[in-house]
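Student: Read off the chains here:
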Amino acid sequence: MVGAYIGFAAVTIGGLPIFPALLVSMALTACLGMLVERIAYKPLRHAPRISLLITAIGVSFFLEYASMYFVTPTPRTFPEVMPNISFNVGGFIINGQQLLILGITIVLMALLTYIVQKTKLGKAMRAASFDTETAQLMGVDSDKIISMTFCIGSALAAAAGVLVGVYYNTIDPLMGIMPGVKAFVAAVLGGIGILPGAVVGGILLGVVEALVAGFLSSTFRDAAAFAILILVLLFKPTGLFGKNTNEKV
Amino acid sequence: MAMLEVKDINVYYGAIHAIKGISLAVEEGEIVTLIGANGAGKSTTLRTISGLLKPKTGAINFLGNNIAGMPAHKIVREGISQVPEGRRIFAEMTVQENLELGAFTRNDTAEIQNDFKMVFKRFPRLEERKFQLAGTLSGGEQQMLAMGRALMSRPKLLLLDEPSMGLAPLLIKEIFNIIADINKTGTTVLLVEQNANMALSIANRAYVLETGRITISGDAKELAASEDIRKAYLGG
Ligand SMILES: Nc1ncnc2c1ncn2[C@@H]1O[C@H](COP(=O)(O)OP(=O)(O)OP(=O)(O)O)[C@@H](O)[C@H]1O
Ligand SMILES: [Mg+2]
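Heads up: the sequence lines are chains A and B, in that order.
The first sequence: position 116 = 116 (the working numbering), numbered continuously.
The second sequence: position 98 = 98 (the working numbering), numbered continuously.
Hints listed in this document are in silico derivations from the structure and should not be mistaken for laboratory results.
C-beta atoms are modelled at their ideal positions from N, C-alpha and C, and glycine is treated no differently.
Hints may be right or wrong, so weigh each one.
[What the hints assert, rightly or not] Calculated pairs, DSSO-like style, for lysine-lysine (alpha carbon to alpha carbon, straight line, at most 27 Å):
| no. | chain 1 | residue 1 | chain 2 | residue 2 |
| --- | --- | --- | --- | --- |
| 1 | B | Lys56 | A | Lys120 |
| 2 | A | Lys42 | B | Lys54 |
| 3 | B | Lys56 | B | Lys74 |
[Stated by the list, open to error] For each label pair, taking beta carbons as the anchor points, the in silico distance ranges come out as:
| no. | chain 1 | residue 1 | chain 2 | residue 2 | range |
| --- | --- | --- | --- | --- | --- |
| 4 | B | Phe131 | A | Phe87 | 50 to 58 Å |
| 5 | B | Ala91 | A | Phe215 | 39 to 47 Å |
| 6 | A | Gly58 | B | Pro71 | 56 to 64 Å |
| 7 | B | Asn107 | A | Pro237 | 21 to 29 Å |
| 8 | A | Thr132 | B | Thr136 | 49 to 57 Å |
| 9 | A | Pro48 | B | Thr136 | 41 to 49 Å |
| 10 | A | Lys118 | B | Glu128 | 20 to 28 Å |
| 11 | A | Val59 | B | Ala91 | 13 to 21 Å |
| 12 | A | Leu233 | B | Glu78 | 33 to 41 Å |
| 13 | B | Gly218 | A | Val59 | 34 to 42 Å |
| 14 | B | Gly139 | A | Pro237 | 45 to 53 Å |
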């Protein structure tokens with residue numbers, strides 16, 4: 001939501017084209033994410049996981065409703081940023097917006113995978129999430145790593161917010177709630193903490209929602225998502241790709 | 001002046017007073033061993049030196065600097081590296097990545113490559129398993145990885161917490177030979193062990209820890225020969 005509004009401001013007030021606007025939005029939102037981590041999460045370093053989950057929900061509602069004061073609850077129309085063209089790829093019609101979203105998503109996914117798998121930062125992130133204490137013995141400053149993780153996560157969320165604005169042409173302060181919950185469903189479906197799992201979970205969730213909306217009724221779309229969440233939690237709590245090991249969240 | 005000087009430290013876990021005024025010293029080039037029964041406070045002492053725990057009172061001087069209360073990630077940079085109890089290798093990462101993390105504090109790429117070679121020469125089994133996930137290694141290989149990982153930071157002082165734990169006698173012998181050899185090539189060693197026999201056989205000096213206090217200290221050979229020590233710690 002924050003990312004979408006910054007992107008919106010960059011395009012409408014700043015007059016920037018979509019790519020610079022996207023970068024500005026990602027950078028500023030990353031800073032906000034690091035600030036939120038300092039204020040809301042750092043004091044909870046030794047708190048149980050459930051406190052972190054509750055804080056996450058609390059912070060997101062705080063940001064959503066506090067920002068209404070500044071941007072008003074009225075939805076805004078996101079300007080057209082892609083020429084209205086469409087391509088016919090072997091019978092499938094793809095328009096410019098969809099192509100933009102697909103392209104940016106693939107680039108960001110590849111970048112994230114590269115950072116986590118190949119860079120020193122990514123290795124430190126994986127080590128600290130596996131065993132914080134031992135990572136410290138290696139010289140990893142866990143506070144710094146956690147802050148960087150929030151930075152990257154917030155930048156990605158900002159990109160998602162802008163892309164949603166581009167696709168649906170409209171943004172509002174509460175636009176992030178449903179996608180946030182759906183992202184959680186997708187992550188649980190794929191297996192919490194498994195990156196490819198989250199992608200597959202997201203695609204599956206989208207396909208199921210589309211089928212339900214198409215064959216039953218679009219009012220059941222969200223119900224289908226939560227039905228999936230309940231079924232996964234009941235029958236395979238570790239998700240499709242999860243091994244039956246330690247509990248996360 | 002000794003390389004490491006621990007002066008009258010007191011360490012608590014909440015209300016539990018685990019270390020009750022311990023003082024010890026390690027001279028450059030030595031192997032010093034800390035022996036004692038389960039729960040005596042050996043790991044607590046090492047974890048306080050490496051910065052994972054903070055002493056409530058007391059000082060820890062390393063090469064002239066007081067490092068007591070300094071965070072662990074900074075103490076590595078001072079030149080102290082710890083092989084934790086139970087190895088604590090990063091199981092979901094490869095052998096190579098574990099070693100890379102050992103060199104996390106360093107930026108001298110060429111020298112790091114040399115140290116990879118040095119570690120692989122010392123532990124040829126690790127080289128064969130470079131791209132294997134560390135969690136799939138055997139217990140002995142994991143101990144070697146934990147030691148190799150600690151060496152990758154080029155420590156001046158190496159802290160080892162029960163390297164023989166859970167290993168077969170033959171492998172224990174091999175590990176102790178390697179420790180003696182690491183020491184010969186210039187790394188000072190502070191070794192915590194329950195296997196007092198083996199530890200005393202390679203150490204210069206020893207401290208005996210009992211419920212948070214040092215009760216006996218002295219030359220390792222003399223302690224190994226002493227009647228009291230034999231009865232209490234060496235099985236007769
Ligand atoms: N995290 C902790 N919380 C509370 N008490 C602890 C904690 N860790 C250790 N202790 C207590 O501190 C004392 C010393 O423990 P420590 O692990 O240092 O012993 P040790 O000599 O290393 O034993 P072992 O040979 O079994 O490894 C013990 O009484 C132990 O119960
Ligand atoms: Mg111990």
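Student: Compare the structure with each hint and give your call.
Tutor: Each hint, compared with the structure:
Of the supplied pair hints, the one linking B:Lys56 and A:Lys120 is violated, its CA atoms being roughly 34 Å apart against a limit of 27 Å. A threshold of 27 Å between alpha carbons decides the hint, and for A:Lys42 with B:Lys54 the separation of about 20 Å falls inside it, so the pair holds. At roughly 19 Å between alpha-carbon atoms, B:Lys56 and B:Lys74 fall within 27 Å of each other, so this suggested pair holds. In this structure the supplied range 50 to 58 Å is violated for B:Phe131 paired with A:Phe87, their Cβ-Cβ distance being about 42 Å.
For the pair B:Ala91 and A:Phe215, the beta carbons lie near 45 Å from each other, so the given range of 39 to 47 Å is met. At roughly 29 Å, the beta carbons of A:Gly58 and B:Pro71 sit outside the given window of 56 to 64 Å. The supplied range of 21 to 29 Å is broken by B:Asn107 and A:Pro237, whose beta-carbon atoms lie about 43 Å from each other. At about 23 Å, the beta-carbon gap between A:Thr132 and B:Thr136 misses the expected band of 49 to 57 Å.
Here the CB-CB span from A:Pro48 to B:Thr136 is close to 31 Å, at odds with the stated 41 to 49 Å. Checked against the hint of 20 to 28 Å, the C-beta distance between A:Lys118 and B:Glu128 comes to roughly 23 Å, which is consistent with it. Restraint check, A:Val59 to B:Ala91: a C-beta distance of roughly 32 Å breaks the suggested window 13 to 21 Å. Look at A:Leu233 against B:Glu78: about 47 Å separates their beta carbons, and that is not inside 33 to 41 Å.
Range check, B:Gly218 to A:Val59: about 58 Å between beta-carbon atoms, so the 34 to 42 Å window is missed. For B:Gly139 and A:Pro237, the hinted distance range of 45 to 53 Å is not satisfied, since their beta carbons lie about 31 Å from each other.
When each numbered hint is compared with the structure, violations occur for hints 1, 4, 6, 7, 8, 9, 11, 12, 13 and 14.
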